[in-house]
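Just so you know, the protein sequences line up as chains X and D, in that order.
Numbered according to the working numbering, the first sequence spans residues 7 to 497.
Numbered according to the working numbering, the second sequence spans residues 1446 to 1657.
Honestly, the hints are just simulated from the structure, not real lab data.
Some hints could be false.
Listed below are the simulated SDA-like cross-link pairs for lysine to any residue, each with C-alpha atoms no more than 25 angstroms apart in a straight line [claimed, not checked]: (1) X:K409 to X:I479; (2) D:K1656 to X:G440; (3) D:K1656 to X:G60; (4) D:K1587 to X:R160; (5) D:K1587 to X:R157; (6) D:K1656 to X:V298; (7) D:K1656 to X:I368; (8) X:K366 to D:K1656; (9) X:K192 to D:I1559; (10) D:K1656 to X:H158; (11) D:K1587 to X:V226; (12) X:K192 to D:P1560; (13) X:K218 to D:W1552; (14) X:K192 to D:S1565; (15) D:K1656 to X:K192; (16) D:K1461 to D:I1559; (17) X:K192 to D:G1634; (18) X:K192 to X:G60; (19) X:K218 to D:L1562; (20) D:K1587 to D:Y1536; (21) X:K192 to D:P1566; (22) X:K366 to D:D1657; (23) D:K1461 to D:A1477; (24) D:K1461 to D:G1634; (25) D:K1461 to D:P1560.
Since we're looking at a predicted model, the values are computed, not measured.
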Amino acid sequence: MIAALVLIPALAGLAAFFLRSTEWRRTLLVATAAAQAALTAACWWLRPQPVLHGWLALDAPGLLFLSITSALFLAAAIYAAGYLRCESGHRVTDEEEGFLFDNAPEATFVGCLMVFLSAMTLVTVSQHFGLLWIAIEATTLASAPLIYFHRHHRSLEATWKYLLICSVGIALALLANFFLGVSAAKPGGSAPALVLGELVQQAGRLQTTWLKAAFILFLVGYGTKMGLAPLHTWLPDAHSESPSVISALLSGALLNCAFLGIVRVQQVCVAAGQAAFGQDMLVGLGLISMAVAAVFILGQTDYKRLLAYSSVEHMGILALGVGLGGAGAFGAMLHAVNHSLTKAMLFFVAGNILALYQTKTIGQVRGVLRVTPVTGMLWLGGFLAITGTPPFGPFLSEFTILKAAFDQGHGWVGGLYLVLLALIFIGMATAFLGMAQGQPQKAPGVADRGDRWWETGPPAVLGALVLLLGLYIPQNLAFVLHEISRTLGGS
Amino acid sequence: MNVDLILVLVVLTNLKLLASSRLGASIRVVAAQGVVLGLLPMLAHAHALGLRVVVLALGSIALKGGVFPWLLFRALREADVSREVEPYVGYLTSLMAGVLALAASFWIGARLPIPTLIASPLIVPIALFSILVGLLLIISRKRAVSQVLGFLVLENGVYTFGVGVMEETSFLVEAGVLLDVFVAVFVMGITIFHINREFDHIDTDRLSTLKD
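Pulled out of the complex, with its shape left as it was, chain X reads as follows (with noise of 0.2 angstroms):
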């Protein structure tokens, strides 16, 4: 099962390069991503076994994490189908300086999106720590050219910095894996096999200066693909020059899959009695990337950047929610649930508006709620949820890590958090605002032609399951959270 999970969107990548039929290459994508989707349901009901001596399993938190690339890549898929039907076949003409380019070739794109899916979920299957890292770096190769999609000299400049950047953490990640070994080395013994389950078992032993400087490495080298400031830089960019589809997956899955890569890590210091150190980098980091995230959040011109930055910020809470350990790190488990399906549905939704208005700019979209109602209020609607506004689902876990820093006595740290949230919200609240509201200035273009169902449908959904989360949490998804959280420090 855990095999076939793997191979089915490989092959039907590879497959997509070869197809000649447009029509059938969509259908294929769809497909795929419906049957990941429904693989990846029927694995909360039979735990499949481990494959491979162990190295692929599927435990908790790969689970948790494996549930949400699925479900985003089924919305994306569906709303890529129509988003090629509508780019395909002719020139694009460039909505910031006006000249004229072409796409990428279409088996290209969606070849590279399934083997970016099959990429994705090989992270979240592996229990090796070596295969945990080919697979991560897997996904930064596949997804380049995703980036470049749109073939003009912005997104040549994002892909190269994406591609570079990653490239260079990932490879520091790989020494990290080294390091790992040696400090699990027997003296004049066989060579260790890098297990999570067998590293967690024979925690006591492992060697501890060589564990701290493993955890900094993984920490730098996961944690650039991850988005955590100062490590950032690439995010940005790659976010806003991307097309919006790839956007919400960058964000809403791939961080998330770099995010696992610390979270397994911290599993390993868990064990080997070693958690403070690591908990307080990670407090360290997240509450750094929530300030830098709101400093350019604070007057950002650009909605997808913006968006972008709010990624920045929800890795922060991420980070910090796993540092403070127990209730927080199941608070940081939940946020990133809620986190990629909130910032999946605002990029689907900023695609819209792009689409709508050729701007990226904030200043010049006015009055969305007026053109597109639709659009208008799942615009509002993610703007209330990705802030933490109740009754929605982000309101729930960033309260949960809020409560579990001031339980634990971080006082300051609980604090800084409430600030830096606040500023966020405002930085957010006058740019949502006032784009939702006001007279169109200029009037769209394609106006008229009013909302086609895989615009609004795949983010209407995702928005409901926000709201759903919010106000309810199944047995079965509080149950693997818990799971989680007692593997890293909770209780």
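Start from chain X and add chain D according to the hints.
What follows is chain D alone, placed relative to chain X:
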């Protein structure tokens, strides 16, 4: 040829890279470094000269000594502009920074004792040195090709550490790492090709539209 000789060659090639002003020469030096390092797994663990080690070593030599230079030379040929490295900081400053990095690597290496028996005490410092030189090359050179070379030197450093210190890693993981590095350089090569076409240039300081 023993392990220490290989490591000394790695140090010399790193310093040569920092001082070199020609892109073509730099590509050849990195290729040479890759080939020399490819021999390391066979020498570091003399008793473990199995088929697995030989296959991986040959694969690594073929990639780093053959495929990568070919890809990079192709990218270079497409851009028939000057073949200078065009550093942000001068060659002498780069060399001085390299020497400082070497000293720092030995200082750190002395503080991270390896619990198991390894082929040479120089392995950890030299691996760290390569990593630092790789990072230095990436941040101090304008050319996209130079930055890829920096990434390769960085990767060589990580590889030195892995091969020298880990007695056995599994075939699957090593092959996967090799494959990832290959695809990374391949994708970077394609991107450089597109940068050439878009900007008529491969200076990454032209890539400066996106900022806040």
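Looking back at the numbered hints, which does the structure fail to meet, lowest number first?
3, 15, 16, 17 and 25
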